[in-house]
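> So you can see what is in the structure, the chains are spelled out below.
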Amino acid sequence: MNLDEYRRAARAWLRDNAPTGEPANEDAIPHAKDFMARLYDAGYSGITWPARWGGQGLTQAEERAFAAEARHFSLPTYVFSIGLGMTGPTLVDRGTDEQRARFVRPLLRGEEIWCQLFSEPGAGSDVAALQTRAVRDGDRWIINGQKVWTSVAQHADWGLLLARTDPEAPKHRGLTMFVVGMRDPGVTVRPLKDMTGRAHFNEVFFDDVAVPDAHRVGEVHDGWSVAVTTLLHERLSISSGVGMGRAKDDPTSLEALRRTADTGDPLVRDDLVELHIRTRALALFNQRLGQEAESGLFPGARGSAAKLLLAELTLFEADLATRLAGPSAVVGTGDGEGAGPLAHAISLAPAMSLGGGTNEIMRNIIGERVLGLPPGPRVDKTVPFKDLKVGTQG
Amino acid sequence: MRLVLTPEQRELREAVRSFLAAASPPAKARDGYDPAVHARLNGELGLSGLTVPEEYGGAGAGMAELAVALEETGAALLPGPFLATAFAALALTRAPDKELLAGVAEGRVAATLALPVVAGGLTARARSGGGVTVHGTLQQVLSAAEADVLLAALPGAPAGESVTDRPGESSGGEPDGLGESSGGGLVLVAVDLGGPGVRRVPLETLDLTRGQARVELDGAPARVLGPLGAEGAAAVADLVAVALAAEQLGVLRASLDAIVAYAKIRVTFGRFIGSYQGVKHKLADMHCKLEQAESIVRYAAWAADEDPAELPHAAALAQAYVGRACFEVARDHLLLYGGVGFTWEHDAHLFYKRAKADEVLLGPPRVHRARLAVLMEA
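So the protein sequences, as listed, match chains A and B.
Taken in order, the first sequence gives residues 450 to 843; the numbers are from our numbering.
Taken in order, the second sequence gives residues 307 to 684; the numbers are from our numbering.
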């Protein structure tokens, strides 16, 4: 099947199968799982993933063709986005064959939901400063500690967890990666209300949670290199919008603003042109990264540039939408349904600049890994972790 | 849509880059135009004939290849009429002229193009024995002092004492009379800048590396190359915008490369300046502009070669984004040098000034944004 045929088939499938009407509630799990199973069975989940593990074994070209068609719909894939964008690719890259055989297909088919357990209250940008402990006990590990900012943990069956296994070693060298069962005894998930008023995230507590050694991903104490793989996939999936299912009725999009703003006003026109330029510039950059990946040039740290630009664009877009709308941007209609879509958008906008690495961290990565600039002086790389200051001090 | 270079295009880039690194590095740019370098560039590398069709002795390549070459000449701040000749060659694709195209392809003829493409201000009158004479003044013509030939788009049916009143004077089958060839639209004419009736006044320019001149035409003989039409003129303007964006991409990239290299060797307070986040983060933002600028230039070049319907939008986007990004990066690169960047001796100001001159070359930058606004409504 050539690419045009593929695209037409995808379009036809989406037209027949994508949900219509109001986007489903993010918590409508059975509905989402049902859709994901149909998506997988039709061959549109894991398009570029290895066929051996349940993917389709196709190229970025098909992936992009499908994504382009899917953009016209609001697919209920949000709850699977962590698995599809981050933990799944990590298992494909770094897992054992047993782990791939066990986890990848159910992940792609939406039978099992995944979350990612890296960040902690004392370890945000500086993830490697995390304090959650994993202590070996025969052929299993005992986990104790707390994670935070965990999207979809309340629905998750599995979590990819980074824990400290050697506090005597410098911080990057004493970490190990595990797959942990989110429904296992000792796991407590607590919703964390964010500034939008919704609970997009959770806090997750681990009290003597047992994990079999067979669920260790990568070597003991080599968890940081596995985490780097995950974080690279995270930035790529955020910047390319994989699984994020951007709503077609986004009130801050250029299309929406052209409908609602006075396009005869020269100042409005210039604002809209600026939004258009930035949107096109980033879209083309993402497309170029995709084409490079297709030709075998992995974007690596350059994905951080795409992520940073998307974060800035997201803020710009919501900010502009509210400024163009004026007073009505900040109120609802009195129907008890909240302060309205633009109020929600401007409240949500900072998330993209914080999640998946702050803009400052992105700039460090671009500076050091893309441009090759010297790192700042570090006091934390050689000191044993137990002697290091972490989190918020005095 | 293809946004990455082919292996052949990468080879072309390497060839131009290594040639210019030896023959015309940025440090040499302040010495101005070196006809010997220009001749070698066109002779050894055949660059001036890149977009000239093969039937006229050129390479018959597209905008994608021209963009690769212009990115490198921009990065080197190559002085002289190379860009102007590229503009003229793009105009000639719409009104092919064997003699000029062959001359450009062989590197014998340096040409320039009156900008904006629909410049106004010039009038043509029929000349006995064929052709026309051109009257009027062009206030600023790129590389006019160095170029041999000026191309200009003129109204085919000018008011007053024009050839349209005497169409019978045009000779032979050649479309050298305005009235016959134009159908009332624009025609492309060629003026020998070394010929009679032409006065060139070199202007003092901000950009020390490339000249502009006022061109006063007082009955200068001109050849009518063929009809351009409003649509053709608009297409030429778009191609010129894309070509300029490619040069700007090169200026942007070279500025960033230079300051990144400096940030790795310059020490203050016991540390390399590139290790300070105040510097590092600014460089990261500049890199983001480079990535987007390159993506837009590749897209615009692709549109120029493959998708005429997308070209107007792509060209306006290219100038609106890349022109600004180029100046901003050149500006920040100069600032990050500290005081030395403000000295005459340092090369930083050469990039800064080229970037500014390029940004306003095709009109006030707002025209590109205004054009985008109109195209968005279409």
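Hint data in this document are derived by calculation from the structure and do not stem from the laboratory.
Every value quoted in this text rests on a predicted model; they were computed, and no experiment measured them.
Among the clues, some could well be false.
Straight-line alpha carbon distances no greater than 30 Å define the calculated DSBU-like cross-link-like pairs of lysine-lysine that follow [unchecked claim]:
1. B/K662 - B/K588
2. B/K334 - A/K830
3. B/K662 - B/K570
4. A/K642 - A/K830
5. B/K404 - A/K830
6. B/K659 - B/K334
7. B/K334 - B/K404
8. B/K404 - A/K838
9. B/K570 - B/K334
> Taking the hints in turn, state whether each one holds.
Each hint, compared with the structure:
1. B/K662 - B/K588: 20 Å, holds
2. B/K334 - A/K830: 45 Å, violated
3. B/K662 - B/K570: 27 Å, holds
4. A/K642 - A/K830: 34 Å, violated
5. B/K404 - A/K830: 68 Å, violated
6. B/K659 - B/K334: 15 Å, holds
7. B/K334 - B/K404: 34 Å, violated
8. B/K404 - A/K838: 76 Å, violated
9. B/K570 - B/K334: 24 Å, holds
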